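A.B. asks: Spelled out from the first residue to the last, the chains are:
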Amino acid sequence: MLLAIDTSAGTSVAVVDRDGGILVQLDETDTRRHAEVIGTLIERAMTEAGVVPAQLSGVVAGMGPGPFTGLRVGIAAARAYAFGIGKPVVSLISHDALALDLREPLLVVTDARRREVAWSTYAASDELGLPVRVAGPFLAAPELLQKEVDGYDGYRRWDAATIPAGPFGMLGERLFAAGRRAGPSEPLYLRPPDVTPSAGLKRVS
Amino acid sequence: MKREPLVLGIETSCDETGIGIVRGTTLLANTIASSMDEHARYGGVVPEVAARAHLEALRPTLEAALAEAGVALNELDAIAVTSGPGLAGALMVGVGAAKALALALGIPLYAVNHLVGHVGADLLHAPDEPEHELELPTVALLVSGGHTSLLLVRDLANDVELLGETIDDAAGEAFDKVARLLGLPYPGGPEIDRAAATGDPNAIRFPRGLTAPKDLARHRDDFSFSGLKTAVARWVEAARDRGDDVSVPDVAASFRESVADVLTAKAIAACQRLEVPRLLLGGGVVANARVRAMAQERADAAGITLRIPPLSLCTDNGAMIAALGARLIAEGHEPSTLTFGADSTLPVTTIQA
Numbered sequence: 001m002l003l004a005i006d007t008s009a010g011t012s013v014a015v016v017d018r019d020g021g022i023l024v025q026l027d028e029t030d031t032r033r034h035a036e037v038i039g040t041l042i043e044r045a046m047t048e049a050g051v052v053p054a055q056l057s058g059v060v061a062g063m064g065p066g067p068f069t070g071l072r073v074g075i076a077a078a079r080a081y082a083f084g085i086g087k088p089v090v091s092l093i094s095h096d097a098l099a100l101d102l103r104e105p106l107l108v109v110t111d112a113r114r115r116e117v118a119w120s121t122y123a124a125s126d127e128l129g130l131p132v133r134v135a136g137p138f139l140a141a142p143e144l145l146q147k148e149v150d151g152y153d154g155y156r157r158w159d160a161a162t163i164p165a166g167p168f169g170m171l172g173e174r175l176f177a178a179g180r181r182a183g184p185s186e187p188l189y190l191r192p193p194d195v196t197p198s199a200g201l202k203r204v205s
Numbered sequence: 001m002k003r004e005p006l007v008l009g010i011e012t013s014c015d016e017t018g019i020g021i022v023r024g025t026t027l028l029a030n031t032i033a034s035s036m037d038e039h040a041r042y043g044g045v046v047p048e049v050a051a052r053a054h055l056e057a058l059r060p061t062l063e064a065a066l067a068e069a070g071v072a073l074n075e076l077d078a079i080a081v082t083s084g085p086g087l088a089g090a091l092m093v094g095v096g097a098a099k100a101l102a103l104a105l106g107i108p109l110y111a112v113n114h115l116v117g118h119v120g121a122d123l124l125h126a127p128d129e130p131e132h133e134l135e136l137p138t139v140a141l142l143v144s145g146g147h148t149s150l151l152l153v154r155d156l157a158n159d160v161e162l163l164g165e166t167i168d169d170a171a172g173e174a175f176d177k178v179a180r181l182l183g184l185p186y187p188g189g190p191e192i193d194r195a196a197a198t199g200d201p202n203a204i205r206f207p208r209g210l211t212a213p214k215d216l217a218r219h220r221d222d223f224s225f226s227g228l229k230t231a232v233a234r235w236v237e238a239a240r241d242r243g244d245d246v247s248v249p250d251v252a253a254s255f256r257e258s259v260a261d262v263l264t265a266k267a268i269a270a271c272q273r274l275e276v277p278r279l280l281l282g283g284g285v286v287a288n289a290r291v292r293a294m295a296q297e298r299a300d301a302a303g304i305t306l307r308i309p310p311l312s313l314c315t316d317n318g319a320m321i322a323a324l325g326a327r328l329i330a331e332g333h334e335p336s337t338l339t340f341g342a343d344s345t346l347p348v349t350t351i352q353a
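Quick note, the sequences are listed as chains X and U, same order.
Heads up: the first sequence begins at 1 in our numbering, then just goes up one per residue.
Heads up: the second sequence begins at 1 in our numbering, then just goes up one per residue.
Isolated chain X (complex conformation) (with noise of 0.2 Å):
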């Protein structure tokens, strides 16, 4: 059984198993409280699924692409999770979520804040039904994606206002059955930090 967390969009918080499936989603859409909402996300899934933390053998983690401050609190809540319960953080890309069990090329766009949308590509699933990643994730102008995405007009477009946990946490356990490589272990900010080094001293008087 796994924990799943993902703080890229909303606060969304999972518990699923390879057998039984998604045990427990539960959702929060406002995307400015994840700090406020994480705990109490964990505790009731953990709670509603049944499961006590000795029970999972692992935590899912949202690396993201997704605003900086919200998406470090699911990372931060899911990596201090697994480090107490002495067992591994599995990091994945946020956006592979969307693309288990896919059928047709998908191009997923979610909100990446200033004027700009994060955006990846796949193409329908492999044979286990794993996603398979064509490009991204990347930054892009809302107006630009058009041009910016290879084949545009070959996927089926996607804008997620959440990414659930619960197939993020069974992409987790399909891929660790399957012996696959979990995804990046940093986050993905896809962004450096704003800020320039100063120009030098600006004159007072």
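These are calculated hints, taken from the structure and not from any lab test.
Since we're looking at a predicted model, the values are computed, not measured.
Accuracy of the hints is not assured; some may be wrong.
Keeping only pairs whose Cα atoms sit at most 20 Å apart, straight-line, the calculated EDC-like set for lysine to aspartate or glutamate is [to be verified]:
hint, chain 1, residue 1, chain 2, residue 2
1, X, Lys202, U, Asp241
2, X, Lys202, U, Asp168
3, X, Lys202, U, Glu237
To list a few chain X residues with every Cβ distance to chain U over 12 Å, as calculated [said to hold, decoys possible]:
hint, residue
4, Gly84
5, Leu100
6, Asp101
7, Asp111
8, Arg115
9, Ala123
10, Ser125
11, Gly129
12, Val134
13, Lys147
14, Asp150
15, Gly151
16, Tyr152
17, Gly154
18, Leu175
19, Glu186
Where a beta carbon is used, it is the ideal one built from N, C-alpha and C, also for glycine.
Fit chain U to the given chain X structure using the hints.
C.D. replies: Coordinates of chain U only, in the frame set by chain X:
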């Protein structure tokens, strides 16, 4: 033998990832990972850089603290975490981690105030040192890169009052900015201190912010360092325009004198007015030799007992957060509910969120 609670404290309010472990008032570990070097090229703490660094430092710092304390996770009785004040994005890393860790371990969580934590640092003693009481009431002067606050602490767990604070820059920020002006590296505090050692503190009379009678009427216990910083800049520019050599030691010493003078004068005046014969210093600026020396001289002259915790407990750290958590437990406070967030402006009157 009484068994005091074993508490792990998590502090991420600025650029230091601090994990501390205490048993009651006994300090077992105080582990800190700092992102200070990453901020140096920007001349100040960059919130997003700090928040990213916290996320990466969290696990290694937790592991190091547990190893230093010789404690296993399943022995912990509670987690304490800073919920504010501080940088929101940085705080949220600690808050998210603390909630998850407490849930994973099935132990209570205490969300505490960072500034009151600085006062709590004085509760701590090393395992081979005797316990000492935090004598109350006390005035506390907390001075760092992010804060300049004067508190009246009547009861650490229940009654803390904000007497005054900076109305613009924190004192530590002023050190950084003046250091830059003088061509000294970041962080400015130690650099100014070093340069000032050979300078004349009376070479230049820089202004003392909010000490004029009209300012005292409204801002008796408040501080201001923005005007001082500008005054130093003007003085240096004027000297350079005239083609004069600017004596970095003299400017540094005179600037430092102004900061130390205002900080200690206001703190001592508050002690006297409130008839509280105790002053506690905290925050990174306590590392400044002149601030410490002047506080000691003036406290001695006024018959005030001055307490300065060891420097490693004055700068931001997780041990002080754990210490405050342990005190809340000792006083029978209920754990925080899981719904608290990061509050960048959490008032000192909110000791526990």
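A.B. asks: Per the stated criterion, does the least C-beta distance between Gly84 (chain X) and chain U lie above 12 Å, as a non-interface residue requires?
C.D. replies: Answer for Gly84 (chain X): violated, closest chain U Cβ roughly 3 Å.
A.B. asks: Going by Cβ atoms, does Gly154 (chain X) stay more than 12 Å from chain U at every point?
C.D. replies: holds, 36 Å
A.B. asks: Does Tyr152 (chain X) really sit off the interface, with its C-beta more than 12 Å from all C-beta atoms of chain U?
C.D. replies: The claim holds: Tyr152 (chain X) sits with its nearest Cβ about 32 Å from chain U, beyond 12 Å.
A.B. asks: Non-interface claim for Arg115 (chain X): all C-beta distances to chain U beyond 12 Å?
C.D. replies: Holds, since 18 Å exceeds 12 Å.
A.B. asks: With 12 Å as the threshold, tell me whether Asp150 (chain X) passes as away from chain U on beta-carbon distances.
C.D. replies: It holds; Asp150 (chain X) is separated from chain U by about 30 Å at its closest Cβ, greater than 12 Å.
A.B. asks: So Asp101 (chain X) supposedly isn't at the interface. Is its beta-carbon more than 12 Å from every beta-carbon in chain U?
C.D. replies: For Asp101 (chain X), whose nearest Cβ neighbour in chain U is about 29 Å away, the distance exceeds 12 Å, so it holds.
A.B. asks: Against chain U, does Glu186 (chain X) keep a CB gap of more than 12 Å to every residue?
C.D. replies: violated, 8 Å
A.B. asks: Check the non-interface label on Asp111 (chain X): least C-beta distance to chain U beyond 12 Å or not.
C.D. replies: Holds: least Cβ distance 18 Å, greater than 12 Å.
A.B. asks: Would the pair Lys202 (chain X) and Glu237 (chain U) pass a check requiring their Cα atoms to be no farther apart than 20 Å?
C.D. replies: OK: Lys202 (chain X) and Glu237 (chain U) at ~10 Å, within 20 Å.
A.B. asks: For Leu175 (chain X), is the shortest CB-to-CB distance to chain U above 12 Å, so the non-interface label stands?
C.D. replies: Correct as stated: the minimum Cβ-Cβ distance to chain U is 22 Å, above 12 Å.
A.B. asks: With the threshold set at 20 Å, check whether the alpha-carbon distance from Lys202 (chain X) to Asp241 (chain U) stays at or below it.
C.D. replies: holds, 14 Å
A.B. asks: Could you let me know if the closest chain U CB is still more than 12 Å away from the CB of Ala123 (chain X)?
C.D. replies: Since the minimum Cβ distance to chain U is about 32 Å, Ala123 (chain X) lies beyond 12 Å and the statement holds.
Figure legend: structure checked against the earlier numbered hints; hints not met, in rising order: 4 and 19.
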